[in-house]
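Undergrad: Given chain A's structure and the hints, the job is docking chain B onto it.
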Amino acid sequence: MRQTCLNTVFELAKRNKKVVFVGSDLGPGVLDSFKKKYPDRFLMEGVAEQSIIGLASGLAFEKFRPYVNTIATFITRRCFEQVLVDLCLHNLPVTLIGNGGGLVYAPLGPTHQAIEDISIMRSLPNLTIISPSDAYEMRELMMDTINIKGPLYVRIARGGEEIINNKNDKIKIGKGLIKKKPGRLLFISTGVMTQKVMAASQELKKDYGIDAGVLHLGTIKPLDGKILRYWLPKVERVITVEENFLEGGFGSSILEFINQNFNNSKIKVKRIGLPNKFVTKYGSQDELHKYYKLDKKNFVNTAIKMMV
Amino acid sequence: MKKINELSIKLDNRSLYLRSLVVKCLFGGGRGHMGSAMSLIEILRVMYDYVLKYNPKKPHFLKRDRLILSKGHGCLALYAILADKKFFDKKILNSASRFNSILGGHPEFGKVPGVEASTGALGHGPAIGLGMAIAAKLKNLNYKTFIVVGDGEINEGSFWETSMIASKYKLDNFHIIIDYNKIQSYGKTKEVLDLEPLKYKLESFGYKVDEVNGHNIVNLKNYFMKLKKKLKKSTALICHTVKGKGFPFAENNPFWHHKNFFTDKEVSEINKYLGKNRL
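Chains as they are written, first to last, in our numbering: chain A, 1 to 308; chain B, 1 to 279.
Source of the hints: derived by calculation from the structure; they are not laboratory data.
The beta carbon of each residue, even a glycine, is placed where N, CA and C say it ideally should be.
Check the hints yourself; a few may be wrong.
Claimed, not checked - Only pairs whose alpha carbons sit at most 25 Å apart, straight line, appear in this in silico SDA-like list of lysine to any residue: (1) A/37 x B/139; (2) B/139 x A/78; (3) A/36 x B/139; (4) A/181 x A/257.
Said to hold, decoys possible - Now the stretches of chain B that chain A is said to cover, found in silico as 3 or more residues with beta-carbon under 8 Å: (5) 109–118; (6) 128–135; (7) 153–163.
Said to hold, decoys possible - Sample of chain B residues lacking proximity to chain A, with all beta carbon distances greater than 12 Å (derived): (8) 90; (9) 92; (10) 125; (11) 182; (12) 223; (13) 273.
Bound-form chain A, shown alone (with noise of 0.2 Å):
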């Protein structure tokens, strides 16, 4: 997905000579292609994040199309204040790539765990946040940055996530895709946790006779309302899914928009994700999301005790 992600902004590069890439001492050989046939679009900057927001910045007032590229962590911390001020404040198109959207890095410790993002990305006027599922909405979400007037932050996963998405999927910025028509449930996912919502939801139809619909939003903000208001009204239950802290998170956002949008609303809303603590543990980011229980079998017993 990132290897994806990096190769679509060298394709932007190919169309539109706007398109300047930045990056904060990335590892060897990133892009190479880029700089090898760009060297002038292609800066390779030291750690200096907060700098480097800035001269995004000043290249997006002059017209160009920066995409910055870094650890998530390091966009969505450290520069806090540059985003929002020379970016969202300004309101320019500046697409910022965050590397290990989660718990990706779960061996290096909570320094490198991007998992509270959302909720700080979300609190930032003018920012459109994307988080793809596969490589192949990344890759539809990314040529469409392009067309994005303001800021823009990217969620990247690891890599290698299985392929839920295709030709037939109309995928673009702001719009949300029904994997699975819901019966009475439905699963709202973000992420990768799509795949794994959908295997969830395939085990509740095959085992328990339950048809848990999933809708999977790439685009975290703004939220599709059309899709939104579309299928919750045709719905009793559902389940948020995320790879972040539950506090100001993806859930949150569902939650804000039913509390919005629908007048005494019955829907049954359970949010899962992370609990607002540092992580302790290490291993692989699989095996953190079974210690929080972001997998398939607490998915399937959630759904469970709501149908109940």
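TA: Just chain B, lined up with the frame of chain A:
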């Protein structure tokens, strides 16, 4: 050095006139960063009178020079010179800081014609200007980027990050101007966080560094005229200034860094030093 630090320089009528425009903002809104604006007047006056390429009727024309007032709290001085140069009507100055005004306590892009970027959170302007300077190279344009920073402002690490990047690219179109009035919000820079030896620090970060009396029009002008020669590196100009310059009771007085109330006595004192430009 003696001349540079000889700051009891007498202000001419234009400098007093520009100060009267700042005072219009202060009295109109009943508040503002007076000390921080007054140390800047001659720097901005020289920039707009002699150095910058700009067109008040087309504030965004492509080949203009870019000036970012990174120490956004000094904005009343910028508003004064922009109004003087007819970027907007001088009558607006009276409305500064008021509910519907375009002139806030920090300058905002998109609201105030001639303001290149919204500033106020310190340490942001240099990096934004750096991006603009790199953009000029990418577009093969000759405009210059000037960033005016405060002395307290360069406590920020982001300034030094940006300096390293500017040095890496040997950007000859990136120019830092430091309003070194030696007083930050709490007190003397020497005591709060000493910047010295500032010249050597800046040089070691890759700048061609000069020092000038920041209230001496001729010296400032001469410096910027010399800038026309290509140096193959970025420059930093340390402007030795006086906080609150022009108003002895406010000079070097941290309590005049920001004021949100003026007594009748203070109004009358301020007017006294404006001479025939009194309000």
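Undergrad: According to the definition I'm using, a residue is off the interface if its beta carbon is farther than 12 Å from all beta carbons of the partner; does residue 223 of chain B meet that for chain A?
TA: For residue 223 of chain B, whose nearest Cβ neighbour in chain A is about 24 Å away, the distance exceeds 12 Å, so it holds.
Undergrad: Hint check: residue 37 of chain A vs residue 139 of chain B, CA-CA at most 25 Å. Holds or violated?
TA: Holds - the C-alpha atoms of residue 139 of chain B and residue 37 of chain A are around 17 Å apart, at most 25 Å.
Undergrad: Minimum C-beta separation from residue 125 of chain B to chain A exceeding 12 Å: can you confirm that?
TA: Check fails; 8 Å does not lie beyond 12 Å.
Undergrad: Given the hint that residue 139 of chain B pairs with residue 78 of chain A, does the C-alpha gap stay at or below 25 Å?
TA: Violated, because 31 Å separates the two Cα atoms, which is more than 25 Å.
Undergrad: Take a quick look at residue 273 of chain B and tell me if its Cβ sits farther than 12 Å from every Cβ on chain A, holds or violated.
TA: Fine: 35 Å to the nearest Cβ keeps residue 273 of chain B off the interface.
Undergrad: Taking 12 Å as the cut and beta carbons as the points, is residue 90 of chain B off the interface with chain A?
TA: With a cut-off of 12 Å, residue 90 of chain B remains clear of chain A, as the shortest Cβ separation is near 27 Å.
Undergrad: Beyond 12 Å from chain A, beta-carbon-wise, is residue 92 of chain B?
TA: Holds, because the least Cβ-Cβ distance between residue 92 of chain B and chain A comes to about 22 Å, which exceeds 12 Å.
Undergrad: Is the Cα-Cα distance between residue 36 of chain A and residue 139 of chain B 25 Å or less?
TA: Holds. Residue 36 of chain A to residue 139 of chain B sits at ~19 Å (cutoff 25 Å).
Undergrad: Against chain A, does residue 182 of chain B hold up as non-interface, every C-beta pair farther apart than 12 Å?
TA: 25 Å, holds
Undergrad: Under 8 Å between beta-carbons, do enough residues of the segment 109–118 of chain B, three at least, approach chain A for the coverage claim to hold?
TA: holds (count 5)
Undergrad: For a C-alpha distance cap of 25 Å, please report whether residue 181 of chain A and residue 257 of chain A respect it.
TA: 20 Å, holds
Undergrad: Can the segment 128–135 of chain B be counted as covered by chain A under the rule of three residues or more with Cβ-Cβ separation shorter than 8 Å?
TA: Contact hint for the segment 128–135 of chain B vs chain A: holds, 8 residues under 8 Å.
Going through the hint list in order, the structure does not satisfy hints 2 and 10.
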